[in-house]
Amino acid sequence: MTVAENVRTKYEAVIGIECHVELKTKTKMFCACPNEFGGEPNSHVCPVCLALPGALPVANKEAIEHLLLAGLAFGAQIPPFSKFDRKNYFYPDMPKNYQISQYDMPLTQGGVVRYWLDDGTMKECRLTRIHLEEDTGKSTHAGGGDGRIAGSRYSLIDFNRAGVPLMECVSEPDIRSAEEAVAFLEALKRTFVLLGVSDVKMEEGSLRCDANVSIRPVGSTDYGTKTEIKNMNSFRSVHRAIQSEIERQIGIVESGGRIVQETRGWDETQGVTHPMRSKEQAHDYRYFPDPDLVPMEIDATRLESLKSRIPADRLPWNRFARYHGEYRIDVKQASQLIENLPLADYFDRCVEASKNPQQSMNFVLGDLSRLANETGTPVADSAVTPPHLAELIALVQARTINSKIAKELLQRMWNGEGSPRAVVEKEGLAQTSDASEIEKFVAEVIASNAAAVADYQSGKTNILGFLTGQVMKASRGKANPALVQELLKSKLSP
Amino acid sequence: MSELVRMSAARVAQAVNRGDVSALEITDAVLAHVDEVDDRVGAYLTRLHDLARDAARTVDRRVRSGERLPLAAVPIAVKDNMCLTGTPTTAGSKILQHWLSPYTCTAVRRMLDAGAIPIGKANMDEFAMGSSCENSALGVTRNPYDLSRVPGGSSGGSAAAVAAYEAAIGLGSDTGGSIREPAAFCNAVGFKPTYGRVSRYGLIAFASSLDQIGPIARTVEDAALAYEAMAGHDPMDSTSIARQVEAPGTALREDLKGVRVGIVKQFVTERLGATIHAVYRRAYEELEALGATLVEVDLPTADYGLATYYLIAPAECSSNLARFDGVRYGLRVEGADVGAMYEATRAAGFGAEVKRRILIGTYALSSGYYDAYYVKAQKARTMFANDFRHAFASCDLIASPAASSPAFEFNAKSDPYSMYMMDYYTIPMSLAGLPAISVPCGWVTPEGGNRPLPMGLQLAAPLFEEAKLLGVAHAYERATAHATNYAPEIDSQESPTEASTS
Chain F
1 MTVAENVRTK YEAVIGIECH VELKTKTKMF CACPNEFGGE PNSHVCPVCL
51 ALPGALPVAN KEAIEHLLLA GLAFGAQIPP FSKFDRKNYF YPDMPKNYQI
101 SQYDMPLTQG GVVRYWLDDG TMKECRLTRI HLEEDTGKST HAGGGDGRIA
151 GSRYSLIDFN RAGVPLMECV SEPDIRSAEE AVAFLEALKR TFVLLGVSDV
201 KMEEGSLRCD ANVSIRPVGS TDYGTKTEIK NMNSFRSVHR AIQSEIERQI
251 GIVESGGRIV QETRGWDETQ GVTHPMRSKE QAHDYRYFPD PDLVPMEIDA
301 TRLESLKSRI PADRLPWNRF ARYHGEYRID VKQASQLIEN LPLADYFDRC
351 VEASKNPQQS MNFVLGDLSR LANETGTPVA DSAVTPPHLA ELIALVQART
401 INSKIAKELL QRMWNGEGSP RAVVEKEGLA QTSDASEIEK FVAEVIASNA
451 AAVADYQSGK TNILGFLTGQ VMKASRGKAN PALVQELLKS KLSP
Chain L
1 MSELVRMSAA RVAQAVNRGD VSALEITDAV LAHVDEVDDR VGAYLTRLHD
51 LARDAARTVD RRVRSGERLP LAAVPIAVKD NMCLTGTPTT AGSKILQHWL
101 SPYTCTAVRR MLDAGAIPIG KANMDEFAMG SSCENSALGV TRNPYDLSRV
151 PGGSSGGSAA AVAAYEAAIG LGSDTGGSIR EPAAFCNAVG FKPTYGRVSR
201 YGLIAFASSL DQIGPIARTV EDAALAYEAM AGHDPMDSTS IARQVEAPGT
251 ALREDLKGVR VGIVKQFVTE RLGATIHAVY RRAYEELEAL GATLVEVDLP
301 TADYGLATYY LIAPAECSSN LARFDGVRYG LRVEGADVGA MYEATRAAGF
351 GAEVKRRILI GTYALSSGYY DAYYVKAQKA RTMFANDFRH AFASCDLIAS
401 PAASSPAFEF NAKSDPYSMY MMDYYTIPMS LAGLPAISVP CGWVTPEGGN
451 RPLPMGLQLA APLFEEAKLL GVAHAYERAT AHATNYAPEI DSQESPTEAS
501 TS
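Those sequence lines, one after another, are chains F and L. All the letters of the first sequence, read from the start, carry residue numbers 1 to 494 under this note's numbering. All the letters of the second sequence, read from the start, carry residue numbers 1 to 502 under this note's numbering.
Derived by calculation from the structure, the hints in this document are not laboratory data. Careful: at least some of the hints might be erroneous.
Said to hold, decoys possible - Simulated coverage check for chain L against chain F, where a stretch passes if three residues somewhere in it have a Cβ under 8 Å from a Cβ of chain F:
hint, stretch
1, 42-49
2, 101-107
3, 157-165
4, 190-202
5, 359-373
6, 445-453
7, 461-473
Unchecked claim - A few chain L positions that, by computed beta-carbon distances, are all more than 10 Å from chain F:
hint, residue
8, L96
9, G232
10, L306
11, A315
12, M421
To be verified - Label pairs and their computed distance ranges (CB to CB):
hint, chain 1, residue 1, chain 2, residue 2, range
13, F, D284, L, D303, 27 to 37 Å
14, F, P311, L, H233, 55 to 65 Å
15, F, G143, L, L100, 49 to 59 Å
16, F, N373, L, L100, 30 to 40 Å
17, L, D54, F, S43, 25 to 35 Å
18, F, G75, L, H233, 49 to 59 Å
19, F, S43, L, L100, 43 to 53 Å
20, F, G251, L, L100, 38 to 48 Å
21, L, H390, F, Y91, 38 to 48 Å
22, F, G75, L, A352, 23 to 33 Å
23, F, K201, L, H390, 53 to 63 Å
24, L, H390, F, P311, 51 to 61 Å
25, F, T301, L, S394, 32 to 42 Å
Here a beta-carbon is modelled for each residue, glycine too, at the ideal position from N, C-alpha and C.
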C-alpha cells in the first residue's frame, strides 16, 4: 500500500523503540559459563543456567558495570539502589520459567541519545530507562521439514544463550520517522561498540529491537493508538517495517477506520506487518523481587570511577558535531569515519598531530583507505603513524614537496620507511624553486622537443601542459610546477 | 545394635581421629543398623551403601595421613532436597522421583569435606511443604518414639534417622519450622541458623527468602559441630552472609547466670492444654533454676505470623517450582503440544499440598492482588523484625514451645489449617530470619496414647548470635537431660532377624 505524498505529509509518526542488546562479558549474567556466541549446542551450560533444582544465580559485576557505562554515556541518572525482579511465564526456552529482569527499579533512568540525519540535522531522543536481564535459549523445531513449530514432531533446545546478559533500552516516543529510528539505533550501536559493552551484531541476534508506532495529524500533540512491531532483524528491516506500518496506519485513518492496539510482526519477504497472536498480551507476569539476589547499591565513589571511563570526545554525537560542525567534513564522510571506530580514533590522532583536519581527512579517507583496501591491513594497524602523516601534511603545506611526491612518500611510509621528512632530506626530494636550476631542465626539454615547441609557437598553447610535464619528469618531480610554467612561457615567447 | 551406632558425632570423630576405630567400621555398623530398622522407620528414601563406604575409606586414608577431621566418620542423613552428585534427589516428589543430581549442595559438600559419611537421602514432605512428612509422595516415615505417629516435618526423615540411631546428624532445611518441629517430635535437637548463615546452593528451593539449612542431632554439641562445618559465606549463594562464624564450641556453657530469657506475652501455653502447659511452665522454671532471669516480652504481631508466612512462602514457591515443567529433567507426561505437556506433567507430578500452595502464591502475585497480599505481607514481615528487635532490647533470648503439640497420629490433621498451626511458634522467627533451636524439654503421654512423647523447647536469639544460643541450649540440655528419660520404641522392638539369632 502506498500513500500519496500529499496525504502522507498531513500526518506525523510517533515512534518509540525498545531494544535488547547482548552484553559482551566474559561470563553469563548469573553463572560462570562463558558468554560466547555459537558453540556445540548445550556446551556452555551449568546447573545455574539450566535451572537445575537447587541452583542459584549470582549477578555478574561486569555486566552491571557495562550497563551503567552505557547509561552514563547517555547522561542517564543512576539511582543509588536497584534490584532484580522475576518475570514469570512459561516458555520452553527459558529454563526457570521466569526471567530475571528489572521491573520498577532499573539500573538507569532517563538520558538522551543524540543522533543525526543525512542532511546533518542533529536530533535527540530521550531514554526512559535501561535495565539488565538475561537472555533465553533457542528452540529448533524439527521433523516437520520447514523449521516451523506447526507440523514439527519435536523441538530441540540449545541453552548456550540462556543466561547471556541482556540490556533492554526503552526510549520515549521522540522519534518521528523510519529514517530517524534507524539513525537512533545507529547512535546506540556506535556508542555500545565504543564503550566495549557489546559487539552489537544484528546477524548474531545481539541487537534485537521492537518499535511502538502511531500516527497523528501534523500539529497535534495527542498520541494516536500505537502498535508494537516485532521481528525486525536488521536496520534495513527496521526502516522498511516502520515505513510500511506508518503507511498502513495512514491508509486506515484516511479511509475512516480506527487503529487497533496490537502487536504486529514484520514479514521481511512480503514487506508488510501482520497481527501476531493476541495470546502474547494476555500475560500477567507476576513480577516480584527475586529473593535469590541481593539489592544493588551503587555508591558515589563507584559512580565517579565509572564516569571517568566515559570517553566523551569519542562519543558518536560529539564526534559528529566536531567533524561536521567544526571541520566541515560532509555528513556522509563524517558518518563513514565515525562508523569505523579504529579509523576515527586514528583520524583524531592525525588531526591532533597535524592541526589540519581537512588534509588529515583527505589522506585518511583517500590514499590511506585505498592502501588499506589493496593490502587488507586496516589504516590504524598500518606502518603510517599519525605523527608521520602529520609530517607529510606539513611538508605538503609548506610546499616542500608537491602532491605527486606526497603520494609516492605515503606508499613508502605504508611500506615501513618511517619519517617522510627523513626520506625527503636523505634523498633530496624537496621541491626546488631555484630558477637557475629549473632553467637547465627547461632548456633541455626545449632542445629535445622541437615539434612541440613549434606547435606552441604556432599558437597551440595547450601543448604547454605536456612540456611542463616533461620538465617535471626531468627534475624527478622536484621542480615547483608553477615556476616551471612561468619559465617555459618566457623562454618560448617569440 | 552395635554400640558404635549410639555414639554422638563428637565421640565418633574423636575415636576415629585417634585411630580407636576406623571410619569403615563405624559406617558398616550404621549401614547394618539402617538395614535392620529402616523398613519400620522409613527415614530414608535412598540408602547410600556404596557411596558411604567409599567416603569412609577416604576418611580413613585422610586420618592415616595425619589429618584431623572435625566430623571424621560421622554418619549423616541428608534431606532429599539437597543435591549430592550421583544420588537421587527427589524433594519427596514424583516430579523428581528418578532425577539424579549431577552436582553437590554446598552445605553437604562442607559436611563431607569435614569427614561426614552420607548414609542416605532422608524422606521429607514434598518440596518441604508440610509438618508431618505425610506429604511425601515417595514413602512413609514413622516416629521412632511411637511408630503409630508422624515424625514431624518437613525434615521428618532426618529427625527420625537421628532418633533411631540411623545417623548421628541429620541435615534438615527449615522454612517455617521444618527443622525445629520434627526435632521436637523425635526427641532431638533441631537448629535453624540465621537466614543466610548456611549456603542454600544445591538446596531445592521452597521459599528462597526463608529457607535455611541446619542440623538435627541428639546433642547440642553435635548440632554445633555440624553448624560450624556448614556455616560461612559461599560465592555461589548471593544471600549467604559474608561474616565471621563465631566458633560455637567455646560458647558451650554450664549455667545461665546473667542470661535474660524473654517469654512472649502472646504465646499463651494454656491454650495448648494443661499437660502441655505444665511441661513449658516447668521448662521455664528450669531455665530460671540455672540462673536465668525470665522477662515478659511483647510480640504484638504474633497472631499474624501464619497469615504472613502463607502469602510469602507460597508466592515464592509458585515461582521456584515453575522450573519443574517436564522440559529438561524429571517427570514428563506427554501432551498434544508443549502447553498440554506442562499441564499433564505438573498435574501428575505434584501432590495436593504443593498444588494448593502454587495456587495461593500465583494468586497472591497476580496483577491487582499483589499490593493487597504480597506487598502487605512483606510489610508485616518488617514489623516482625522490628518487634523482635524491641523484644531483644530487654532480653538475650526468647523461649517458647517448638510446636503446638507432640507427635500426632497419621491422618490426624486432615484440614490444612490445623497442620499449618503446628508451626505457630516457629514461623515468627523464620519471618525475622532469627537463629532458633529446639531442645528436648519433657514428655507427655497424650490422651489415648500409650507411650510418653517428647516435647521441644524453642530458644531464639538475635541475628547472628548462634554461639550464644547454642551455649544456652547446651547448658539447659546438660542440666535437665530430658532426652535420656525414655528410649525410642524402635529400641524395644526386637527385629525378626535379631529375635531368631539371639
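Okay, the hints, checked on the actual structure:
Given a C-beta distance limit of less than 8 Å, the hint that chain F covers the stretch 42-49 of chain L is violated, as 0 residues qualify and 3 are needed. Counting residues of the stretch 101-107 of chain L whose C-beta lies closer than 8 Å to any C-beta of chain F gives 4; at least three are required, and the coverage claim holds. Residues of the stretch 157-165 of chain L with a Cβ under 8 Å from some Cβ of chain F number 0, which does not satisfy the need for three, so the listed coverage is violated. Coverage of the stretch 190-202 of chain L by chain F holds in this model, with 3 residues showing a Cβ closer than 8 Å to a Cβ of that chain against a need of three.
Chain F is given as covering the stretch 359-373 of chain L, and this holds because 5 residues of the stretch bring a CB closer than 8 Å to a CB of that chain, at least three being needed. Counting residues of the stretch 445-453 of chain L whose CB lies closer than 8 Å to any CB of chain F gives 0, which falls below the minimum of 3, so the coverage claim is violated. With 0 residues bearing a CB less than 8 Å from a CB of chain F, the stretch 461-473 of chain L misses the requirement of three and the coverage assertion fails. With a cut of 10 Å on Cβ distances, L/L96 falls inside the contact zone with chain F, its closest approach being about 7 Å.
No Cβ of chain F approaches the Cβ of L/G232 within 10 Å, the least distance being about 16 Å, so the stated non-interface status holds. Once the 10 Å rule is applied to beta carbons, L/L306 is consistent with being away from chain F; the minimum gap is 20 Å. Chain F draws L/A315 into its interface by the beta-carbon criterion, the shortest separation being 6 Å against a cut-off of 10 Å. With a closest Cβ-Cβ approach of about 25 Å to chain F, L/M421 is found to remain outside the 10 Å limit, as its non-interface label requires.
One distance hint, 27 to 37 Å for the beta-carbon pair F/D284 and L/D303, holds here, with the actual separation near 31 Å. As the Cβ distance of F/P311 to L/H233 is approximately 37 Å, the hint placing it in 55 to 65 Å is violated. In this structure the supplied range 49 to 59 Å is violated for F/G143 paired with L/L100, their Cβ-Cβ distance being about 28 Å. Distance hint check for F/N373 and L/L100: the Cβ-Cβ separation is about 58 Å, which falls outside the suggested range of 30 to 40 Å.
Between L/D54 and F/S43 the beta carbons are some 30 Å apart, a value that agrees with the proposed interval 25 to 35 Å. Between F/G75 and L/H233, the C-beta spacing of about 37 Å breaks the proposed range 49 to 59 Å. The hint said 43 to 53 Å for the Cβ distance between F/S43 and L/L100, and at roughly 21 Å that hint is violated. Separated by about 60 Å at the C-beta atoms, F/G251 and L/L100 break the suggested range of 38 to 48 Å.
Look at L/H390 against F/Y91: about 46 Å separates their beta carbons, and that is inside 38 to 48 Å. For F/G75 paired with L/A352, a C-beta distance near 55 Å fails the hint of 23 to 33 Å. Hint check: F/K201 to L/H390, Cβ distance near 57 Å, so the stated range 53 to 63 Å holds. Between L/H390 and F/P311 the beta carbons are some 53 Å apart, a value that agrees with the proposed interval 51 to 61 Å.
About 40 Å separates the C-beta atoms of F/T301 and L/S394, a value consistent with the hinted range of 32 to 42 Å.
Against the hints set out earlier in the document, violations occur for numbers 1, 3, 6, 7, 8, 11, 14, 15, 16, 18, 19, 20, 22.
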